[in-house]
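Produce the complete structure using the sequences and hints provided.
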Amino acid sequence: MRGDFSYSQVQDGAGLQLGVTIIADGDAVREKMREDAATAGFRVLDCCELDEFASGIGPLGDLILVDCHAVDAQTLAMLSRLDMRAGKSGAQVIVSTSLDTLDAVFGCLSMSGAEILVS
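In the working numbering, the protein residues as written are 1 to 119.
The set of hints was computed from the structure by calculation and includes no laboratory data.
Among the clues, some could well be false.
[As the list claims (entries may be wrong)] Taking lysine to aspartate or glutamate pairs in the EDC-like style, the calculated list, with each CA pair at most 16 Å apart, reads:
id, residue 1, residue 2
1, K32, D51
2, K32, E49
3, K32, D67
4, K88, D62
The structure presented is a predicted model; accordingly, all values stated were derived computationally and were not measured.
So, in structure tokens, the structure goes:
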């Protein structure tokens, strides 16, 4: 029988702890994502709402987690900007969305190679 998993810090090749940026509108969803990332060993660099992230230039982590279920022009512009920044920096992007908004969200994510989760 195998032992328990080792929940240590997630590190890059140089031994530095990987950082994560969390972007989500719902307080409960955002807090759950923060807890899960910390439990997995990531250092949480930023945890904010979509509007808050779109209003300034926040830090990008090695991993960017986005929960996006409502799409308007501002949200799509933020996703496109985030996609370009992540594509240039090499950050990994995971976006969770709904089936209703999948086409619009997919259209914004061409440079970063984002993974899209559909609920």
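Which numbered hints does this structure break?
Hint 1 alone not satisfied by this model.
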